[in-house]
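Asker: Those letters in the sequence shown? Residues 1 to 99, per this note's numbering, in order.
In short, the hints are calculated from the structure, not lab data.
Across the chosen pairs, the derived CB separations fall in these ranges:
1) Gln-86 x Asn-24: 20 to 28 Å
2) Leu-41 x Asp-16: 16 to 24 Å
3) Arg-47 x Gln-68: 15 to 23 Å
25 Å max Cα-Cα, derived SDA-like pairs, lysine to any residue:
4) Lys-85 x Leu-26
5) Lys-85 x Glu-75
6) Lys-85 x Ala-27
7) Lys-85 x Leu-45
8) Lys-85 x Met-44
Ideal Cβ placement from N, Cα and C applies to all residues, glycine included.
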Amino acid sequence: MTDTDKNADTYDRIRDRVLTTITNILAEERTDGLLALPPILVGMLFRTQRMQLDFLRHVGASQSTIEQATTAFVELLQSDIAELKQFAETGHAGTNTTH
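Please take these sequences and the hints and turn them into a complete structure.
Answerer: Laid out in structure tokens, this is it:
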């Protein structure tokens, strides 16, 4: 197996793990009944993450950089979901001012 093949295999494993994590987060939120994300939004989340991973792979980012970026994406997703829950429950947006 060449280095290129190994890098592609590593990338595929990271991508699969991250997309599975996102799927699990969204499924958990749906079963709570607090948040029902429209299918188009879920699709956009997946496409955004795939584009990020493809870009990092294209520019030759290291495995640790890719893992850090995907961890940050998942953390941001969890934060946004928490903020949406708060808004749904209270009618007030959270304190996150980065949006």
